[in-house]
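J.: Letter by letter, the chains look like this.
There are 4 protein chains.
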Amino acid sequence: MLLRDPSLAEAGIRKIRWAKRYMPVLNELERVFEAERPFKGRVVTVAVHLEAKTACLCLALKAGGAEVHATGTNPLSTQDDVAAGLASMGVDVNAMYGCTPEEYTDQLTRALKCRPHIFLDDGGDIVELLHGPCAQYGDRVVGATEETTTGVTRLHARHAAGLLKYPVMAANDAKMKHLFDNRYGTGQSTVAAIMHATNLQMTGKTVVVAGYGWCGRGVASRAAGLGAHVIVTEIDPVKAIEAVMDGYRVMTMEQASPLGDFFITVTGNRDVITKPHFDLMKDGAVLCNAGHFDIEVDVKALRETAVETIDQRPDIVGYAQGDGRVLNVLAEGRLVNLAAGQGHPVEIMDMTFAVQALGLRYMLENGPGMAPGVYDLPGEIDDQIARFKLGAMGLGIDELTEAQRKYMASY
Amino acid sequence: MLLRDPSLAEAGIRKIRWAKRYMPVLNELERVFEAERPFKGRVVTVAVHLEAKTACLCLALKAGGAEVHATGTNPLSTQDDVAAGLASMGVDVNAMYGCTPEEYTDQLTRALKCRPHIFLDDGGDIVELLHGPCAQYGDRVVGATEETTTGVTRLHARHAAGLLKYPVMAANDAKMKHLFDNRYGTGQSTVAAIMHATNLQMTGKTVVVAGYGWCGRGVASRAAGLGAHVIVTEIDPVKAIEAVMDGYRVMTMEQASPLGDFFITVTGNRDVITKPHFDLMKDGAVLCNAGHFDIEVDVKALRETAVETIDQRPDIVGYAQGDGRVLNVLAEGRLVNLAAGQGHPVEIMDMTFAVQALGLRYMLENGPGMAPGVYDLPGEIDDQIARFKLGAMGLGIDELTEAQRKYMASY
Amino acid sequence: MLLRDPSLAEAGIRKIRWAKRYMPVLNELERVFEAERPFKGRVVTVAVHLEAKTACLCLALKAGGAEVHATGTNPLSTQDDVAAGLASMGVDVNAMYGCTPEEYTDQLTRALKCRPHIFLDDGGDIVELLHGPCAQYGDRVVGATEETTTGVTRLHARHAAGLLKYPVMAANDAKMKHLFDNRYGTGQSTVAAIMHATNLQMTGKTVVVAGYGWCGRGVASRAAGLGAHVIVTEIDPVKAIEAVMDGYRVMTMEQASPLGDFFITVTGNRDVITKPHFDLMKDGAVLCNAGHFDIEVDVKALRETAVETIDQRPDIVGYAQGDGRVLNVLAEGRLVNLAAGQGHPVEIMDMTFAVQALGLRYMLENGPGMAPGVYDLPGEIDDQIARFKLGAMGLGIDELTEAQRKYMASY
Amino acid sequence: MLLRDPSLAEAGIRKIRWAKRYMPVLNELERVFEAERPFKGRVVTVAVHLEAKTACLCLALKAGGAEVHATGTNPLSTQDDVAAGLASMGVDVNAMYGCTPEEYTDQLTRALKCRPHIFLDDGGDIVELLHGPCAQYGDRVVGATEETTTGVTRLHARHAAGLLKYPVMAANDAKMKHLFDNRYGTGQSTVAAIMHATNLQMTGKTVVVAGYGWCGRGVASRAAGLGAHVIVTEIDPVKAIEAVMDGYRVMTMEQASPLGDFFITVTGNRDVITKPHFDLMKDGAVLCNAGHFDIEVDVKALRETAVETIDQRPDIVGYAQGDGRVLNVLAEGRLVNLAAGQGHPVEIMDMTFAVQALGLRYMLENGPGMAPGVYDLPGEIDDQIARFKLGAMGLGIDELTEAQRKYMASY
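Residue numbers (the working numbering), protein chains in the order written: chain A, -7 to 403; chain B, -7 to 403; chain C, -7 to 403; chain D, -7 to 403.
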């Protein structure tokens, strides 16, 4: 157990309870898990953005009989009160807000010493440790799940290089995850965080969104929904045309640099906004990142060339340039929706964590028979979660008749 | 050659010229084909909705050296003036508007007597003939392409049954096709046709869209863009939740029946709106179909139970019910955007037909070495078309740096 | 009576019947008029875009006892079949599609020889005749209504000059008229007409809307709803900022000229797009007007400088420039939604013509006691129409409690 | 001077500086004021939501020579750090967050003891005091401005009763104020506050907006822009139909009660959501108010009938009902965007406060010659502010030519 301040538990529990009220699918699974105890006697390591919603996932696993060891996945996304609250509810938690890179690695390592049977990774840090310095703790692993696009990309690269030791389910690629979490979750939480952190207007402003994957689509659509003029930059020509057809202007980042009031990177890549772009930007431009790592905006270069660093508001640092312009960076270029906001909305994570809960159960039950590799969630689990969610919303849909089923299979 | 009226050629040529002005990608391919003559000496059968845009595709193939035999794919979508115009420009055309089912089959058969090397199918009628009554004309076939979701579904069913004789490229599944044609093409052309045919208001009206595939998304988004209140019906629970998140109400067709002012089916299935639904609808409700076949709305049942049939306006028949309500059906339940409208917008078909032109070329060159089955367009051809299109729009996008490329492949 | 072809009556009657089905408010008023006969023995001149919806207005007045004399208000908006149909139903009609300016004036004059007690004007032509060459037919006039923004502007100018002889109600300024007809009516009908006439894609295209009044807002919103990138030009700085906040780019027409794929003028002014703008436009640009008169786009200048005039499609003329570019004008720069489309949607005109019907009744009853001038529709008539419409849509709204009413009047 | 904690000044100054960076119009006016000193030697009382943006207005007035006395206008909207910061910059501030009603009145009274020449009111509390218990401090008043719809409604009521002593400018009614502040300001800040306070999803949720005035339109449009399904309730039938045409469902509050996930009142009236509605709501429903006073949602009734009161999260209280449902109220039913959020975006207030600054100057210069009553801002001041704003955004618009000007004045 490694907490910033155990005395924050009560506040954390209150946050967890609030989230739980709006997670009907996970609550339904918790009831099932309590009855069936699928994780009984098994050890699970969970690396997540440690806040109220992820706490609910940990509790559902625990209800299913698991011994849960939780840790963070980003030094700025851990909420110390939730960490304390979760710990008080019987989960082993090792996570602190604002820790150093060394402390961060230490926390992950602590969460692995339990020698997990399965684990949940978020971006690939756990996989990296288990294939390197923490290899000795991975001897009981039968499978895992991965939460993010970034992590899945890395898993594929690692597997292509012949270096992946376990079967890992790409939870991110489940329809009930990426179609909603990446798109609507990142979309809402990113614009909400920017508005809250800056108190600036989005209506009528020019917002440059780098990357038109699922996350970028969500962010662009929510910014436009708030009245912003959206410019999209891409490296994929097909996605670029989709962005044009969706009503956005498309251009290179160099062309967009002098036009943007806000810049939001969601590429999963690195060096997306760099020194040459900074030089073209307007005074007062606001930069932030909603992709996994803090290397999409080259904050380091900005810091080094600034003549002054201004502590503007919580989570906003202004970098004064030699020519008088000030460029403002939110949350040091880390995930803005988590580091300067509330993270994804509760109901979105309800679906995501249903994927994770059932994905972990699937890997526990089927992992022993699977070769190392990257796997998709079986379609029927996606459908099952979707039906739970429709039920929770009180919505009915049509069922295929036998004649229709036959027709769709005819030629 | 089988035309309704060859004297309409001049009007048809004018329509073809207009379309050609707005098809920069196909024009670019035509220049390439003229230089390289990839279809030289080869016979191509093309089954399409015969209007100005498809005529341009035929002409591009002809410019590449092909002997082109064109026919229609729907008795109500052929435009007789375009058919005449295209014939006058050196293509063998067999198609007439409003022909009987028997005449329709005869026209397709005529277009196959040339014993094609490759063919373009649209919904599967050509494939069906070549696997049945016209099998003898298929002896030279090395491959084909299929234009629609419906046709691809049928190809998979046929192949699963071990009954597909050729390799067929699912042109429909190319990103540059279905992401734009099915979504934005069907979307715009469907609402445009409904507005033109009815002169009714969409703003503030309730529009029920059956099916939330690519076509349904397009239709829903355009109807909402015109101010309509959209209700989506689905049989897939995941798509149903996507529709909710996209801002639409979701319910069963039975629940939607008493609410809708307009009903639009885009499912690719049959019996989507039937007698029990008709009985619940409001007086004056308007029904139409934008899916491939005319069996999504059960017009037959409506006709049989009507106490009076009213010829309301061109392309609108009202069916008076015993209780006084009149339900109006557009274009007899056939593809409303083609039968009562102008078909897909020109620029959308420019991309679709670039997929077809390069797809046919690919099959001609590679088909002989491919086993029977359903194939995807190689990704680099999608990208090539996208880059042509970006160029035509004057838009630039970013290129990955070497460092970024490496980063994306790292783990 | 002056018709192009009385034998078209049956087709016209069919169109009128279709419209009538979707005009519940006017039908309700017709029932009231039939019972109360408020126009009994009175002569009414009605100058309108003569198509199915306006025919229904004429019939409602007739049902109220009026002797109705109808004429057109634009040489390209009269539908000859509707004119014939309406005539066959007992209205004196003087209107022909495609007439010359001299014929047009003659038709209006014929419709005034009846010496009307009240009249409905649309753009001010009737007022002009009655204050000039037709003054002798105006001796019985007690009042009038005016349908358009343009007409109301002219009335104010005429009244300011002391030259207005009658009290005229600015029907256009009624909330139930301009908030819906100008905005949603012009919006939908304009984009529908453009799509139908051109078969071009609006999605992803740049649409330049000149003027951000009620009509301009409607057009911009519908174009954006179809996926277009909208640019607004304005001369009013406040409206310009509203356009920015509504998500549109704002610039001068000179700056917009090289960017636009479509140009739509809705200013009510003249010379909005002129020679210097034409010179900057892209090849293939499409120009049209949805404002009252055909002088917003300087088609005359375009015609004079063209090296060739191309008859592209019905309602589209291409003007080839010396440098090879072709600029396409829809409907000769006349009201594109009427001249190349179906006019406003039926249900919108239902509300507009309810304003006109009750406005004419009000003027007949109150005009004798009113000084010459421009008057607003009394608010309670607006509310009455709105309540009829809500009833027709089956919608309920809240009522103020006595306590709320008091609170709103307190300080 | 009456502050919660003067030591918070530095944090407050930082907030003020941040806001100032994004208020180009007010900065421009401040430069003009510094040069012309229009308020030299005059005493101004300013009652506002005391946060960073309003502080900038006070500073601009001060730069113009005014002796400024500031106070709050809502016990929950004052930010103590900004109050301290503003005080440290030379303004007399009397305002504290979370004060009692008695303390609140005391603070307003203190801000009036200076015997102001002009004052800025926000909702009418200052006017009420100066016409009642503080009448003796109003002897030097020559005029005032009022910020809100609510305040203007009350001024009209007071004037109608013959009880208004001064000329007051309805700053709220200036185009550059209500078209932007009420619509886009309230819209963005309300949804931002709700998302931040609750961490709940708006996408796909049902949001009930009570009132479709400028504020309601803004809130509805932003909620829909975030993917919510919006229901509007109204008491005005014309506005109700506008809401339908804008794509929202319209019904009574009673009908909406069981459907809503979020309820937002923006009516300016009282008792909009009451006990009978609470009884129909879903478990977990969230209620809040963005209208001026905390009597739109009857929180008192909710409190009295609750079996338990749950402190859910900061700014959220849950009221458990006897049947197990919990209804959650944000910010005790006070202005949610101020009490639980950041208030209006900076750039919106830049325009609003330009109206106030020029309005106060106008009243100072012209008030002595004006009778008591409610006045509009002269249109040319609106235009001047709009042109400043366009300039700050770098946007150009067209100018009328002489020929166009003449045409618009012709008949």
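Keep in mind that the hints were calculated from the coordinates and are not lab data.
Keep in mind that a hint or two might mislead.
[To be verified] Calculated from the model, a selection of chain D residues having no Cβ within reach of chain C, i.e. all distances over 12 Å: (1) T301; (2) G316; (3) E357; (4) G361.
[What the hints assert, rightly or not] Stretches of chain C that chain B covers, calculated by requiring three or more beta carbons in the stretch to come under 8 Å of a beta carbon on chain B: (5) 217 to 226; (6) 229 to 240; (7) 329 to 341.
Don't be surprised by glycine CBs; every beta carbon is placed ideally from N, CA and C.
J.: Decide, hint by hint, whether the structure agrees.
T.: Here's how the hints hold up against the structure:
1. T301: It holds; T301 of chain D is separated from chain C by about 27 Å at its closest Cβ, greater than 12 Å.
2. G316: 28 Å, holds
3. E357: Correct as stated: the minimum Cβ-Cβ distance to chain C is 23 Å, above 12 Å.
4. G361: G361 of chain D clear of chain C: closest Cβ-Cβ about 25 Å, beyond 12 Å.
5. 217 to 226: holds (count 3)
6. 229 to 240: It is violated, with 0 qualifying residues against the three required.
7. 329 to 341: Contact hint for the region 329 to 341 of chain C vs chain B: holds, 7 residues under 8 Å.
Consistency with the previously given hints fails for number 6 only.
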